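Those protein sequence lines, which keep their order, are chains L and R. Numbering of the first sequence is given in my numbering, commencing with residue 139 and proceeding in unit increments. Numbering of the second sequence is given in my numbering, commencing with residue 1165 and proceeding in unit increments.
Because the hints were derived from the structure by calculation, they are not lab data. One or more hints might be untrue.
Claimed, not checked - In silico SDA-like cross-links for lysine to any residue, where the CA-CA straight-line distance does not exceed 25 Å: (1) Lys1188(R) / Thr740(L); (2) Lys345(L) / Asp417(L); (3) Lys1188(R) / Gly160(L).
Here the structure is a predicted model, which is why all the values come from computation and not from measurement.
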Amino acid sequence: MSDIAWLIPLFPLLAFLLLTMGARRFSDGVASLIASGAVLISAGLSVGVLIEKVSMVAPTTLRWRWLSLGDQSISFGVEVNQLNALMLVVVSVVSLLVHIYARGYMAGDRRVPAFYAYLSLFTFSMLGLVLSPNLLQLYVFWELVGVCSFLLIGFWYFKPEAKRAARKAFILTRIGDVGLFIAVILIFWQVGSFDWGPIFTAVEAGKVAPEMITLIALLIFVGAVGKSGQFPLHSWLPDAMEGPTPVSALIHAATMVAAGVYLVARAFPIFEASDIALDTVTYVGAFTAIFAASVGLVQHDIKRVLAWSTVSQLGYMMLALGSSGYVAGVFHLTTHASFKALLFLGAGAVITALHHEQDIRQMGGLWKTQRVVGWLFLLGCLAIAGIPPFSGFFSKEEILTAAWLDGRIDVFILGVITAFLTAFYMFRLFFLVFMGGKKAKVEETRVPRIMIWPIIVLALPTVGAGFLAWLPEHGFSHWLTEGTGIAAGPEGESPGWLPLLTVLISVVGIGLAWLRYGRGRVNSAQVEAEPAKEFSIHGLLSHAYYVDDLYRWVFVKPYRWISLALTWLDRYVIAGLVKGIGLLFQNLGRIGSTMQNGQAQTYALVSLLGLVILIMGLSAGRWFG
Amino acid sequence: MPVTSYLALGAVLFSIGLYGVLTKRNAVLVLFSIELMLNAANINLVAFSKYGLYANQTGQVFTLFTITIAAAEAAVGIAILFALYRNRNTTNADEFDSMKG
């Protein structure tokens, strides 16, 4: 099965080519069938590959020659190990569900075939990224998913905010990509190969200087920071919510933003070799987690709450990886992909029901009318809040265990506070949307069935994926790390009180949310009045700590001023110089042309003078000699 | 040195002719001045064939040729002038400026 793994990304690519070439000929239904069918095949193959990997863990590698540079040759191909078999399934299944869901969500849009074409291109790139056996190929796909993200955020390009968000996402992730690119070059310089195997061997054999390893690991992490929306490059991810909701679920919750985490996990042996790099990953992750969670407390847009939550949870994964909790990080990546995709699709269903209303202050009381969506959304909220037996509980507990056992008490405390904040803001969202009285001015519409079924499918792993942690003899972590030489997590027995603490803290968060928002006491005027206070903690949070404003004043505005100054310089100094030189010769020419007056006698006089000067010149030597 | 006086006469004639060519407004006078310059050259040729270092007949033969060709040239020049006069109704050299750049 793994031998044909290279086929997996090709089906979406085929669908993309078909849809791009025939975009105007296909009806919406046909286009969605083509794209969904292609992803269905990929998903089926991915599941087959994963099932095969469960019993046979030796990595399968297929390689073809790509380029020859002197005596170096660069190959492309696919490599299937446990980590990317798992990622393959996550990516292709979520993508499949989003493809189906989008048929309902995008109904009536003018450019449905184009939407499916972009979605297919994204699926192709993401699957290719996951399967890449070397860094160069990974980098190519890394950029491709970035482009797809740009295209899909800006899909409704007639909205100025969408255009701006797409640009911002592209530029901010590019900053990270430059770091990754430098890391790729450094690795090739130091190791002489782009392939993971030789890189890890060289790192473990100590062939690369420790400082160089630290530098490479940090630069790889810069790439991951850009893609996964970690502080300080996080601010594009909330803005990316301008894209259609299925895109947010697929790209900005489940798969592409997890690519950064995947990259760190894939390059884990490099990080393991450098304590500084691990510390950086941990602290950036922990800070991002608590920072984004606190901002999530006060957002008004249903998708933005989820977006900040995504940033926060990605920080959690980074925290886990940095605390050597390799399995915990990857596990949380998997569970998060399912419940966050569920939450986004649920939010999309709410938005559809309310005719594209996204402000939670205008929502309320949906529990009575949208019971199915409400239940599904509740499942997602419970999972992300870390209530047993839902999947988020298990993965979060593993992360906190890893932090504790790694001796990072400060990070552990940050993680616990984040868990509390997460429970609070998720249930604030839930209560505001589903409880209380109705505030919607428009009549609700029924959510089409085709949008409900994918959410129900996602609910299965949301509920059940956590039990992977309970497989006998640590089956999951054993399987994931077998043959890779990576430690599953820090050594030691996890303290028995830890699950109790996490559950307790989540319940307290939910309870507080209930007291504040749930009892139907909160009126919409109160919530709407919240951001009015400019210099309060609330104001600070609702402006996301003014990070965007800071960037605007520190980077964007000065850059614009410099650009203006340079424009002035270009327009008046450089262009002036060029024009001045042009004018000089134009005027010289004018003077010259006045001498051409057509008078034969003047010409003769000039010739005579010339002759005299010539003779004088020729005979000058005789006078002075 | 008798040759000096001949050469001096030639030079004076040539200068007068040159001056006429460069300054006269009337195109007919310009043609006359050109004849003067030609004849100044002829005087030089004849003077050298009589008093030159290797005095012989070649210079005089040359002069005969020159006179003949000058006659033809004058005829052509006058003909052109006639044509110009018919077209432009003037013989003023200043007004012939179609060579203007």
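Results for each hint:
The suggested pairing of Lys1188(R) with Thr740(L) holds, with an alpha-carbon distance near 12 Å, which does not exceed 25 Å. With a C-alpha separation of about 23 Å, the suggested pairing of Lys345(L) with Asp417(L) holds against the 25 Å cut-off. Under the criterion of a C-alpha separation no larger than 25 Å, the hint pairing Lys1188(R) with Gly160(L) is inconsistent with the structure, at around 85 Å.
This entry does not satisfy hint 3, going by the numbered hints stated previously; all others are met.
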